[in-house]
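As they're listed, the protein sequences go chains A and B. So for the first sequence, the working numbering puts the first residue at 1; every next one is plus one. So for the second sequence, the working numbering puts the first residue at 1001; every next one is plus one.
Since the hints were derived computationally from the structure, they do not count as laboratory data. In this text, all values refer to a predicted model and were calculated from it rather than measured experimentally. Treat the hints with caution; some may be incorrect.
[What the hints assert, rightly or not] Pair by pair, the computed Cβ-Cβ distance ranges are:
1. B/1035 <-> A/39: 53 to 63 angstroms
2. A/107 <-> B/1054: 49 to 59 angstroms
3. A/26 <-> B/1084: 27 to 37 angstroms
4. B/1203 <-> A/39: 53 to 63 angstroms
5. A/107 <-> B/1226: 56 to 66 angstroms
6. B/1060 <-> A/58: 35 to 45 angstroms
7. B/1148 <-> A/63: 14 to 24 angstroms
8. A/35 <-> B/1226: 38 to 48 angstroms
9. B/1050 <-> A/130: 28 to 38 angstroms
10. A/41 <-> B/1144: 28 to 38 angstroms
11. A/48 <-> B/1050: 32 to 42 angstroms
12. A/39 <-> B/1063: 53 to 63 angstroms
13. A/30 <-> B/1144: 53 to 63 angstroms
Where a beta carbon is used, it is the ideal one built from N, C-alpha and C, also for glycine.
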Amino acid sequence: MRVIKKFPESAGFVSKTFDDVIKKSGVHLPYSLIEFHVRDRNTTIIEDDKAVICIDCNSPFIPEKDTRALSTALRFELFRLMLRPDMPREIEDVIVGREMIKQGLGDDLFYLYYTMLMRKKPVSMIDYVHASIPWITFRGIDNYNSSFLKELLAKLQKKKFPEATKLLNCMCNDKFDSAVKEYNKLFAKKT
Amino acid sequence: MQFVKYRWETSGLSGEPFLSVRKDNTVGKVRLLDQDVSMKIFEKTCIGYTKKTRHHPCPQNRQVDDERMCRECMLNDDFFMCVKCDGSECINDPQRNSCAKSKYYVYLAAFSDVLKVGISQEHRVLERLIEQGADMGAKIALIQDGKLVREIEQKIRSELGIKDRLRGIEKQKLLFGNPNTSAINIFTAFAKLRKNFGEYLIGPEIYNLQSIYRINSLSEHPKPFSLDYGSSIEGRIVAAKGNILVMRNSEGLHSFDANKMIGFRTEMVSA
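Same shape as in the complex, but just chain A (with noise of 0.2 angstroms):
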């Protein structure tokens, strides 16, 4: 397997936090080339046996150099590599999420969590979506963890969203071909 790594050079701390994650990540990776960027979002496609990780230059992890936060981060996304659920990235981040928890990442998780939720308010029924991502995904497997960012949700958001409601309970009950659907319901462009 080749990687490759595209950044800037203010980014170095993103390429050694890279290279130590994969070096030891322990997962299996069966891709003839991962290339590896740090651009403006979060993003990671595969294609075939080739795939592209991206992370996003204005994530808060690193100008403070967050070496915890950016190698879960890193990690999370060999994990969904090594899993290649092919879902709405939403959905799919709470199989890799579950996948990461039983293979004992469940602390560097919860901490990943924690620290992206006590960023900023959810505004949008999506954002709410991806800030309820994390109890999610430690419901039924870590439910004192799972109380905990699904109330701290709760001091951040009083609005609810309703429509959302079918698309959580689907992830919530391992439904993922349910929630696929009640997603794209949600959130697939109308043309």
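With chain A held as given, fit chain B onto it using these hints.
This is chain B only, laid out in the frame that chain A set:
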């Protein structure tokens, strides 16, 4: 008995650190400097939360790992939602009003050759510099509104390429700070800030804080050690630089981070 707080009591450019310990429902203060201490460290439990200026013990008395508070107490605490504030967005609505009315100093703190920027409530800026163990500190701006001051702090950090946090282990390495380097770094940084932050800056007030800590009386660099469940501490506290305590015993000089003691239960504190 549980360690619940470590703080310096200061008066101008002098001060002394104390540990607060809770036994049953009463909190007492333990003097440290020039005292012989002997204590064994047990499990760490939640220190409770603050609501409407009153401190409440943890209702569940939960054991915690790295944190000081359990999840339930975090959610009950009035200021928990402020801990990650960088000024970009307020997520703690109930505190926003008083935060917007309060005044804060932006300061530069020098730890030998390492410079950091920070903020402090107006009335306790010197205490803040001392409790962190800065060799030198300078008040550089006075700003109303906690959200704005955090935003300025982050911009200064980015402009100067410096830190806004320094870990205990880094401070232990920098115990013997060079005051000349510290002073030069503060002057250089302040001059650099004039261009983009001129509207916020005040004539800087610079303080040399080294004499407070008694570090100059030490004959050698203390060996750092970390506190954990089962550790024992025995010796005489001979110096304190911010949160770093220096203890002398039959094996020599040792330093440890007093902030790490918070939450631990202990068997005995003797003086």
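Now the hints, each set against the structure:
{"no.": "1", "hint": "B/1035 <-> A/39: 53 to 63 angstroms", "result": "holds (56 angstroms)"}
{"no.": "2", "hint": "A/107 <-> B/1054: 49 to 59 angstroms", "result": "violated (31 angstroms)"}
{"no.": "3", "hint": "A/26 <-> B/1084: 27 to 37 angstroms", "result": "holds (30 angstroms)"}
{"no.": "4", "hint": "B/1203 <-> A/39: 53 to 63 angstroms", "result": "violated (44 angstroms)"}
{"no.": "5", "hint": "A/107 <-> B/1226: 56 to 66 angstroms", "result": "violated (19 angstroms)"}
{"no.": "6", "hint": "B/1060 <-> A/58: 35 to 45 angstroms", "result": "holds (39 angstroms)"}
{"no.": "7", "hint": "B/1148 <-> A/63: 14 to 24 angstroms", "result": "holds (19 angstroms)"}
{"no.": "8", "hint": "A/35 <-> B/1226: 38 to 48 angstroms", "result": "holds (40 angstroms)"}
{"no.": "9", "hint": "B/1050 <-> A/130: 28 to 38 angstroms", "result": "holds (30 angstroms)"}
{"no.": "10", "hint": "A/41 <-> B/1144: 28 to 38 angstroms", "result": "holds (36 angstroms)"}
{"no.": "11", "hint": "A/48 <-> B/1050: 32 to 42 angstroms", "result": "violated (55 angstroms)"}
{"no.": "12", "hint": "A/39 <-> B/1063: 53 to 63 angstroms", "result": "violated (42 angstroms)"}
{"no.": "13", "hint": "A/30 <-> B/1144: 53 to 63 angstroms", "result": "holds (58 angstroms)"}
Consistency with the previously given hints fails for numbers 2, 4, 5, 11, 12, ordered from lowest to highest.
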